[in-house]
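Chemist: Letter by letter, the chains look like this.
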Amino acid sequence: MAEALAKITELKDLGMVQIRADLVRAGDAIAAATGLAMPAANATVTDGARTLCWMSPDELLLVLPKAEAREATQALADALSTEHALVLDVSDMRAAFAIEGARAAQALAKLCPADIAAMPADGIRRTRAAQVACGIWRRGEGFVLIGFRSVGDYIGGLLRGAARPGTELDPR
Amino acid sequence: MSDNGPFRLSRGGRLIDRAYQLPFRFDGRQMRGVQGDTIASALLANGQLMMGRSFKYHRPRGPVASGAEEPNALLGLGQGGRFEPNQRATTTPLVGGMVTTSQNCWPSLNFDIGAVNNKLYRFLPAGFYYKTFIHPRPAWKHLFEPIIRRSAGLGKAPTEGDLDTYEQAYGHADLVVVGGGIAGLTAALEAGRTGKTVTLLEQTPQFGGRTPTDHADGQARIDALLAELHALPNVTLRRNTMATGLYDHGYLIAREALADHDPNAGIPRQRLWRIRAGHVVVASGALERPLSFAGNDVPGVILASAVRDFVDLYGVAPGRNLVVVTNNDDAYRTALTALDAGLAVAAVIDARPTAQGALPEAVRARGVRVLTGSAVAGIKGGQAVEGVKLCAHSGSGDVTEVIAADCVAMSGGWSPVVHLWSHCGGKLSWSEDRAMFYPDLARPPTGADGAAMATPLGAAAGDLTVAEVTGAVAEQPLLPVWVMPVNATRKMKFKMWLDFQNDVKVSDVELAAQEGYQSVEHTKRYTTLGMATDQGKVSNINGLAVLSKALNQPIPATGTTTFRPPYTPLTLGTIGAEARGELFQPLRKTDIHGWHESNGAFFEPVGHWRRPYCYPKAGESHHDAVAREIRAVRASVGTLDASTLGKIIVKGPDAGKFLDMMYTGLMSTLPVGKCRYGLICNENGFLVDDGVAARLSEDTWLVHTTTGGADRMHAHMEDWLQCEWWDWKVYTANVTEQWSQVAVVGPKARVLLERLGGTIDLSAEALPFMGWAEGEIAGIPARIFRISFSGELSFEVAVPAKRGREFWEKLHEAGRDLGITPYGTEAMHIMRAEKGFIMIGDETDGTVIPQDLGMSWAISKKKPDYIGKRAQERSFMSSPERWKLVGLESVDGRVLPDGVYAVAEGSNANGQRNTQGRVTSTYMSPTLNRPIAMGLVLHGPNRMGEVLEFPVQGAETYKARIVDPVFYDKEGSRANG
Amino acid sequence: MLTLTCPYCGNAAEETELAPGGEAHLKRFGPGSSDEQFEDYLFARKNPKGVHFERWRHAYGCGKWFLAARDTVTLEVFGTYKAQTPNPTPEIVAAVQAKRPNWTPDWTSTPATTTSAESLTE
Amino acid sequence: MSASPTNSTGKYSVFAIAREAMRLHSGWKRAWQSPEPKKKYKVVIIGAGGHGLATAYYLGKNHGITDIAIIEKGWLGGGNTGRNTTIIRSNYLQDPSAAIFDKALKLYEGLSQDLNYNVMFSPRGLLMLAQTEHEIRGYKRTVYANQLQGVATDWVSPQQIKEMLPIINIDGPRYPVLGGLYQARGGTARHDAVAWGYARACSAMGMDIIQNCEVTGVETANGQVKAVNTGKGRIECDKLAIVVAGHSSVVAEMAGFRLPIESVALQALVSEPIKPCCDLVIMANTVHGYLSQSDKGEMVIGGGTDGFNNYSQRGSWQHVEETVRALIETFPMLSRLKMLRQWGGIVDMTGDRSPILSSTPVGNIFVNCGWGTGGFKAIPGSGWAMAELVANGRPGPLAAEFGLNRFREGRFIDESVAAGVAH
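Protein chains in written order, with the UniProt record's numbering: chain V, 1 to 172; chain W, 1 to 977; chain D, 1 to 122; chain C, 1 to 423.
Worth flagging that the hints you see were computed from the coordinates, not collected in a lab.
Even for Gly, the Cβ is constructed at its ideal location relative to N, Cα and C.
Some hints here could point you the wrong way.
As the list claims (entries may be wrong) - Coverage of chain W stretches by chain C, computed from C-beta distances (three or more under 8 Å per stretch; other residues unrestricted):
1. 188-201
2. 385-391
3. 509-520
4. 575-588
5. 694-707
6. 903-912
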C-alpha cells in the first residue's frame, strides 16, 4: 500500500544505549561520555548521528549508529563506574520507524493520544500508538517512532494504515 | 410533475442539483432522486410517504422529522457485507445505485401481517407482558417469549462481516464548537480571532443550521461568517461530523462520515474523532416537538420545521394541501414557505386564544384561514392523511369541522438539544413560559479543574431565534400544549402518540402513573418511552409533561431521564476502527518467529506472543508431533525458542536486599557466576511467578520470569522500589526484548554447542549445572545458562535479539546429523511434568501458595520478611488442611482428565459433593509410555499409595494412586551430565 | 476519560497512558503485625465518595508511580504529587481545601522522616 | 402466609387484562404503595434494588417478618438492578459461589409464578467461549466442579457452537473458538421487572418501600444499631441490613466500619434493535466482552471496568472500544450495527471479587455487598440467604462462606481462576 500522508521507513541500523542514573549528579559524566549535552526534560539533543533522549527523570536513551553501540555502552559504563547507575546496550530491543512528509503528524494523530503536532522541535514524548507503548521525537521534517521489537510488524502495519491515501485529516 | 419524481417541486431546493439524477431502489422498485437528496427527500419526491412500520403495533409510518431526530423513516441499506439495518433516511445522503428496503413488515410494507397487533391495541397497553404469560410456567419459554422475540427488533440482522474499513484520530483544541449553525459559527469566529485553536463540528454536510431556511438573508449571513472563518488558520471546520458524546475531562467523541455508503471511494467509511477539548461550546440547536392529538402518527403528519426543510432544502412537497397545527409563531414560517412554493395551505390551527405576531399576520395577509383557540380532534386516513377534524382546544374533542388536507405540519414548540451538556453531568432548568428544559449555567458539567467544561449557546441554550445574529422577527409567546385538546377523553389518548417508533401513547404514560411507576425512569422503562432508536428526541418532553400532569406535579419535579451517549447511534465498526484482522491486537513475535512459521509450527497464544506449540510434520497429529519431539530431546538434542521468557536486570548496592524481598528464597547470597531458582509471591501470599535468577556481577542480577510474567513482574518490582523502598539504591530494566534465548536440550546438547565454536568453555567443570558464562558462540556474543526445565542436560543460550534466528539456524545446521529437533511448548510442559516441576498457571491458579507445592526448600526461613510472608501466616494459609502437591498415577492406564476433582465422602450443607483434591497437570508421558499427573490433594504427601476417585459424567470413574510427583530421573543425574 | 499530569515528567497524560494503582498512602504491615493490622493494610479501603488520594503509574510514559488527589464523584483533580510521601503534601491539602473547604485530613500528622526500609524488616 | 400480592393490586393474568381492556385499563391499581415512614420497624433495609427487595421478600415469605421498611435514596431498582446486562447463570467454579448462584437460578425459574409478575426469565442457554488453551483448562475444570455441585454444565465443541450460533466466527485469526462452557439453564431476565415484581410482592405483604429517602446517618449504642437518620426523619430499627451495592462503603462509614470494597464504574451498551439472530448469552473472556439479544432485539453488550474509584455512573470511553473491537473479532456482523446507548453503573469490588453477606462489627447490622459485576444473576439467592442471616442473626449454609472474616483468615473465594471475570 502506498503511503500518502507520510513516508514510513523502518530504521534497522539504530543502536541504543539505556542509561539510568541520578541525572543531576551524573550529568557531566554522561555528557562527556556521549559527546552530547544533557537534554532537558522531554527533550532530545542531537549532534550528527547521535541523539540523546530524555526518557524519565532518571533515564536517558542514547541513539546512535548500531556499530557504535557496544563501544558507547562501555564508555558510559566506565564513566559511571563510581555512580549508582545502569548502562545497557538495548540496540536489539526496539523497532524504529521514520515517519516523514508534510502530513507525518496527521498519521501519528491517528495512533497517539498525545498531541505530537504540538511537540517542539527538540521534543520527545513517550506515549501509546494504538495498543503498544512508543516513544516519538522529531527528526528533520518528520518523526522517529520507537517501540518494542516484538511488535515491529504491528507498528509498521499501524503506520502504513494511518498513512493511507485519501485519509488526510484536513477538513473536507 | 417533473421527471425528478411526482412530488418534486418545479423550483427551489437549495441543497439539490436537479441536473444530476441518482437512481436507487426501494423495496425492489426503481426510483430516482437527485444530487443533494437524502433518502427521505428522494422517497418523498417519488411519492413514497410510507417508509416503515412501528415497533409494537406495526402501524404505517412516514417521516416525522427531517434530521437526526427522525424516529420513523428507518431503512435497511445496502447488501451483503455492506448491509446496514435501521439507517435513518432523513440523514443519509442519497448515493446513486443505493438499495434500500423497508423494515419490520411482512410480507410487504403496505400489507403487514404484524399489523394485527394494531387491532389488539386495547389488549396490549404499556407493560402488558409483565401481567400475563405467567402460567403455565413452560409456556413462557416455549411459546410466548419466542413469539415476542420474533415480532421484536426493527431491521434485519446483518449476516456477513463488514467490507468497509474505519479509522480513528485524536484531536486537540482549546475550544470545540459543536454545531455549525449561526450560533456555532459566530462563537468559532469570536474565539478564533483571539488566537485559540478552535475545532467546529457540524453533523450535516452544510453549515448554517436553520438560519438559511428560516431567515430572509440567512444564507448571506452564514456565507459572510464562513468567509471570515476560512481565513483563520487556527480554526478547523468539519462537516459531516457528529459529536456523539462528551466525556469526563473534556473528552469528546465525534464521528466523521468519510465515504458512507460509497463503496467505491476506497477510503475508510467513517472516522472516529477523540478530541481533548479545553472547553466545549454546545451550539447544537433545538428540536421541534410534535403535538399530542389523536391520529398524530398517521403518515403525512410531519413536524412543521421538517415540512419547511423538505420544501426549502430539497424542493419536495410532503403534500399539496397543508394544514398547519401549532401553539407558537414559528410554525407560521412553514405556511409561508409552502405558499411561496406554490402549495395550498388550507388552514393554520393555533391552540392559542390569539395569534397576532408578525408571522401570523403575514400568513393571514396571504389569505390563509387562521383558526385560534382550535385543536385537532383527529385525523382522517390510515396510511395517509386525508383530512383534519377540528375541535376547540379548551374542550374535550367534539368535532366542529373537517378540513380536507394531505399533510399536517405540526409544531408543539422547541426543545434545546442539551444532550452533550448533560452527558457529563450538566444540569437543566425548566422554563415555564418557554415550556422547555434548558441548560442551567449555574450547574454545568465540570472538568478536571472543577470549572465548567461546556457552555451552551444559541438555541441549545434556549435562545431559539438567536435574534442577535439572525435578525429574526419578534415572536409572540407559545402556549404549552401537552395534550390536544386539553380535556381529551381517555379513548382519544389511546390514539395520541408520544413515541412514534415504540408506539408509546399518552394513555400508556398515564397508565404507568396510575400503577405507581412514578419516577420518570420507571415510566420510561415501563412504557419504553424514549427507548427507541431516536432515544426520545421528539417524544421525551411531551412524555414527561403528560406524566407530570398525571402525577399532578410540576414538570421540573418529574425531571428528565439521564441523557446517555451517543447523541445519534454510532456504528460499532467505527468504534473498533483499525483493530481488525492483523491489527486486532499486537502480535508479539520473537526474532525466530519466521523460522517457526516456515517450518510448520502450530502456534498457541501466550499473552500477545505466539509460541510454537509443536511442529507437526505432514500427516502428523499434534499429539504425535509432541511425543516425537520429547523422544528426540531425551535421546539426542532439541531446541526451544525461549526468547519470550522475561528478563529483568536488577542492579545496585541494594539489589540483593531488594531481591530477597521479591523472592521467597535468598538471592543476595547467590555467588557471581551462579543461577538460582526462585518463587515470587504477591503481598496476599499467592505464588504468581517463578524463574531463575543469575548473578551477573557483585551488584547486578538477571532475573528470568515466565513469558506472561515479564511485564507484570517488572511493574511489580518498580512499584515496590518507587512506592515503598524508594531510598534503596536499585535500578531495574526489562530487557526481555534485547535477547533471543534458545534452550539447547538433551544429552547431545554440549556436543552440538561445542561444534559452533566460541570463547565459552562448556565443560561440566567450567560451566556446571546452575552456572552461567559469557562470551561468544558461533561468532555471536552470548550468555549461556546451565539451567534445565526438562531434566536433561540443558544450556539456555541468550544472544542479541536480532541475531536469534541466525544462531538458531546455525544450531540446526550443525545438529542435522544429531537429529536436532525443534520442540514446542507442549513438549516443554510434558517434560517438566515428567520431572515433577511445577508450572505457573497449571499448578498455580492464584489461590496456591508455595507451601502447598512442597516447595518449602525455596522459602527462606532465615529472612525476616519477603513479599507474601505475612500473608502466608494467616490461619487459613498456615492450616494443615490445605491441599498439597502430589503425583497421581492412573490405576487403569487412562490419562486423567485435566482439572477433574477427587471426591470425598458425603456432601456439604449445600448438598454439594465433598471433594479432597484436583488434578493440576496430566499427560501421557512419551518417555515413560504411561499416564502421569500431578494434583493438589488434602494431606496428600502423607497419603502415598492411597487411591482417589475422580468421577466424570458419562464415563467410568477415574482412579489414581497418590505417588511422588517426580516421575523421571529422580536422582537428577541427567541434568548434571 | 481522565487526564492527569505526571509530576515527574510534567506531561499531561490521558487515562490510556496511565495505569491505576488503588488507594495511596497505605502503610505496609509485614511479619510481626497483628491479623487485624494486616487485614486492614491489604483490604480495608476508604473508598470515599468525594476527596480521594490514589496511586497511578505513568505506564506508557516515564514509567513513574505518582499520586493524585481527586474527587470520586465529580472526577475533579486537585493535584498530583510524587509517590514518595507518607501523606499528602501540604500543597495538596491546600489545593483540596481551596475547592472543598469542609474537607479535613483524616491522618494525624506527617512523620518527620520517611519510612525507612530497615524499620520494616528489623 | 401468602406472599402472592393479590389483595392490593389485583392478581395479574390474561383474564385481568381482558377485563381491563373493556374499561380502557382504568381499573389497574398501584403495583406498590409509597407510604411515609413509620417511627420504628423491626428491620430496616437500606437499598431498594433487587437484593434489598429480595431480602425483604424472603424475610416475609420464609421468616414471617413483615415489619420492614426498605428505604431507597432514589427510585427503586435504579442502581445496578436497572443498569446491568441481565445475565443469569450459575456455572461457577468454587463451591460457595455455585451454591448461592444456583439457588438464585432455581428461584428465577419459578419467580414469575411466585411473584405473579412476569420477570421474563429466559433460559435460552449461556455459553462461555474458550479461546485459549488456558481457558479450555479453566472451563473443563469448571464442568467437573459443577457436576459435583449438582449444576448441569457441558463442554461443547466449536462445531456445536457454530450450529447454536450462526453469527459467530469460530475461525477468528487471533482467537479461534476452541470450545465452550455451556449452561442450558442460563439466560436472562427483564431486570426492571425483577425489582418491580419483588416490590409489588413486598408492598402486598405490608412492607413499606420508601423511595427518595437518603440515609444520612446510622445511630448505634453499645455496639448495637439503634436507628437510621434519613431525609424523611429518624427511623428506629431492631436490625439493619445494608444492601446498597456501589455505595456500601459510604453507608458502612456512617456505621463506623470499613469494608474491603472499592467502587468502580462498569459499562454496558446496547445496539439498535434488530430481528433475532443470537439465541444464546455469550461471554468471551479472552477478548473480554459479553453479548446477548434482548427481547426487544437490541444486542446487549457488557465489558470491562475502570481501575479507579468512581461514583459518577460514567465510565471511560476506552473500555467501550476494547469491548466492541473484541466482539467484532468474534462476531463480524456486529460491525455494521450501531450503538444506541451506553451507560455505567457503580459496582463494588471486594478483595477476592466474591460477595459479602455478613454480620459486621456493629451488632444487628448486616451487610450484603460486593457482588461486583455479577449481582443481577444472584438476586433471589442473595435475598434468600440474606433473609436467613438477618432473621437468625447468623448465616445459613448459603451465606456461611461469604463472611467478612475470610479476609482476615486468608480464606478467599476466588472465581477468577477459571473464568477470568465474574460477570
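Chemist: Hint by hint, say whether it matches the structure.
Modeler: A quick look at each hint next to the structure:
| no. | hint | in the structure |
| --- | --- | --- |
| 1 | 188-201 | violated (count 0) |
| 2 | 385-391 | violated (count 0) |
| 3 | 509-520 | holds (count 7) |
| 4 | 575-588 | holds (count 10) |
| 5 | 694-707 | violated (count 0) |
| 6 | 903-912 | holds (count 6) |
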